[in-house]
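If you read the protein sequences in the order shown, they are chains A and B.
For the first sequence, our numbering begins at 92 and goes up steadily by one.
For the second sequence, our numbering begins at 84 and goes up steadily by one.
Read the hints as simulated data drawn from the structure, not as lab findings.
Hints may contain errors.
[As the list claims (entries may be wrong)] Taking lysine-lysine and the DSS-like style, the derived pairs with C-alpha atoms no more than 30 Å apart in a straight line are: (1) B:K208 <-> A:K200; (2) B:K453 <-> A:K200; (3) B:K365 <-> B:K507; (4) A:K200 <-> B:K461; (5) A:K200 <-> B:K582; (6) A:K200 <-> B:K365.
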Amino acid sequence: MELYFGLKVLWWLVLGVLLMGLAIMVGMDMGVGTLLRFVGRDDNERRVCLNAIGPHWDGNQVWFILGGGAIFAAFPLIYATAFSGLYVVMLLLLWTMIVRPLGFEYRSKLPSATWRNAWDWALLVSGAVPMIIYGAAMGNMLQGVPFHFDWDMRSYYTGSFVSLLNPFAVLCGLLSLSLSIYMGGVMLMGRAGGAVAPRARKAAMGAAIAAIVLFTLGGIWVSFLPGFVLEHAPAPGLPQNPLQQQASVVAGGLLANYRSQPLLWAVPALGYAGMLLGLLAVRGRRSTLAWWLGAGAWIGVIGTVGAALFPFLMPSSSEPSQSLTLWNSVSSQTTLLWATGFAAVFVPLVVWYTSWAFWVMRGEVDAAAIQHDEHAY
Amino acid sequence: MIDSTVVELSRWQFAVTALYHYLFVPLTLGLSFFIAAVETVYVTTGKAIYREMAEFWAKLFVVNMALGIATGLTMEFEFGTNWSFYSGFVGDIFGAPLAIEGLMAFFMESTFVGLMIFGWKRLSKVQHLLVTYLVAFGTNLSALWILIANSFMQDPAGAKFNPVTMRMELDSFSSLIFSHDAQAKFVHTSIAGYVTAAIFVTGISAYYMYRNRHMAMARRSFRMAALFGVLATAGVITLGDALGFVGGQAQPSKLAAMEAMWQTEPAPAAFNVIAWPSQEQKRNLFEVQVPYVLTPLLTHTMTQEIPGVDWIEADAAKRIANGIPAVAALKVLSKDPTNADALAQFNSHQQDLGYGFLVKRYAPDQDVEKATPADIQKAAGDAVPNVFAMFWSFRVMVGLGLAMLAYFVLAVIFSVRNDVENRKWFLRLAPWMIPIPFIANEFGWLTAEIGRQPWTVYGLLPTWMSASSHSVGYMVFSLIGFVTLYTVFIVIEMTLMVKFIRKGPSSHGHGDHAPPRPALGGRAAAVAMMRKED
């Protein structure tokens, strides 16, 4: 039982790491997509932008895929309930996501300006929309989503598409978009050179300021939102399902964890520090440092959401007692043990070879060489 | 109760997206290894033509792979969006291989494909070769984990129902990954990918040879791919036989449908070469049989009896009757997981839990305990997949497989005699062979998946229960969305492919003539170097 409890908490942390990795790595590429048409004024400049992330976007995208896979494996009930409940939003996410690989691979393969313009727009939409949805999904988790279960654990979502795009969720979506633009801007500042770099720098500064404002507004808003409290449930280390607990809604409850554990304030503080220092680093043209500070900002922001919700993952606003918590939506001990073993071996390996790939392709993108490279984007 | 239209639309959506995704996967599996083989020759012999070949095929590889990745993304999330009951019910087991696939295989493939494309000038020859091999191993490892997951649906080994969490849970990881179905299917499927790539390469090379273009590359590519193909086709057929063998042990209903065997016959049973099966009349309206052949073909013995549809239905009826108390006990346990009587009842009937679910859709008020013998009989009839679809999709796959074997035998003979170029009829035929492996792959998928019906997880979870509880409107909306997007995608992809094939390897202007790209240099260095070349 102790082991199971430990594994559950461990996988809650792993889930957090995956969501952060996804936001940092895919978010950066999406930021570049969003900025493409604004920092690249002609075709050559846009190709420079695309080639800056060209060798890496595919690998980075795996964070997204792994995020989905890990939720399926470690939190199957979240996977089942959230993805079917947020159906239309998920479709928008998928439809925009699947345009990206084609945008990268096909855009520069034909010389036609119409063709390339169309893909530029596709990359813009498929960069901005998924990031807004990503943030909006977190916003919805904070507020709770209307769903309930049958006796056999069949889930029913009773809200509408529009209710998922409520004002608070949109605010979270914009925060997420700002951070992604920041990361994309910082990456281009470092690797694009030429006329692109100063424009990217300007965009990154604007995005950092927007993120600071949005994070502050979101923080104030959250303190007025109701939160969820688990009143009665099987012990955390026991196998259980969401029908076996009692939960209720409490005003200001999203700050309850912070009140009882003041040390947790360090998490949003990390978010702020990342954004503010990142802004300074961008001003000082320190793109690598600014990138790492941006990563820190993401960790702080996602950590803030996780700490506010704990132990809830997906609260139900219509049937609070049937909320999905870390304790009742996690996989069995055997599955978690195996998953832990694989993660322990492969995560360091992935980090190692990803770093190697970035190291091999380091340095500024060579605008002239792109013209002669058939394989370049 | 979910609407049966929603279930049907969910099935259509899954079939459309999976079949579409599966147009791109096999070529990726095979072409990656073909490119690695070509590059190996380049590294060992140092001949520039092989580098040009590797780069040319890599270009087509990437165009194809982009859609494989894009459509694969849909697949991963579709379980959650459209099959949410399924996901919650078996996610504990099914999710693990999917996550491991991402972590172990897809990361590798995707990270290194970037270096494979962009790293020519930044990596040493050997480093680049290693990267190419890592891409090939990554794609194939991906297939391995996905097929392990799929095999769990075919032959659910290593899982156990937990009445406290109300779901299937992993019991033995080794039974999951070493299931016979998974092993046979992985080898069969990945080698089918090699066949696909071999036909693709020989077809395009033949097109060049017919027009007397890019002869140096076309000749070499053709020869390598023909050899690759003849071995692979022989492998696919052998492994297909093994897959039929293990599949038959695990899924007798699939086998009965595949062979249109309505009645259990005394061994050795006759083999239906062709037949016109009728599900309503439970017989073949027309059949051409070869006596004694089926039993040795499927069981590799002369005496083992092969169950026909009659046996499958009778067995299902028995198991439904036995499964009803399991479902009833489960309902009690969901409110009171400690109820000892219900637990005992569940334990003694749980091996037929899935069959209990099977009758739920016909039982009054969906209460299995109210099911009449007529309801049970109806549900038992469901236990047999669509015989006509099975019989013919299997035969299309096998027939095309044999045709490809004949093609490759000829290709190798002509290649060895060094007179392919003179056989104009063969060169004209070869490009028309390109669609064949794609069609065979699709029919292979249909055989595997239609044959598993009415189950999503064989014997455990009926398909009609697995879907999400959406409205029909949502499903129509999403189906139209996918079909529209995918249609646009395939038009774009085919246009690019055809364009690049027409252009041929000369389309990439660099090869050995391009200005070398400075390792770290900026624009100035490259410009300077270009001037020097001029």
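How the hints compare with the structure:
This hinted pair checks out: K208 of chain B and K200 of chain A have alpha carbons roughly 26 Å apart, not beyond 30 Å. Simply put, K453 of chain B and K200 of chain A have alpha-carbon atoms about 63 Å apart, too far for the 30 Å limit, and the pair is violated. Taken as a hint, the K365 of chain B and K507 of chain B pair is broken in the structure, with Cα atoms around 49 Å apart against an allowance of 30 Å. A threshold of 30 Å between alpha carbons decides the hint, and for K200 of chain A with K461 of chain B the separation of about 56 Å lies outside it, so the pair is violated.
Annotation: proposed proximity of K200 of chain A to K582 of chain B holds, straight-line Cα distance about 10 Å (limit 30 Å). Between K200 of chain A and K365 of chain B the CA atoms are separated by roughly 55 Å; this puts the pair beyond 30 Å, and the hint is violated.
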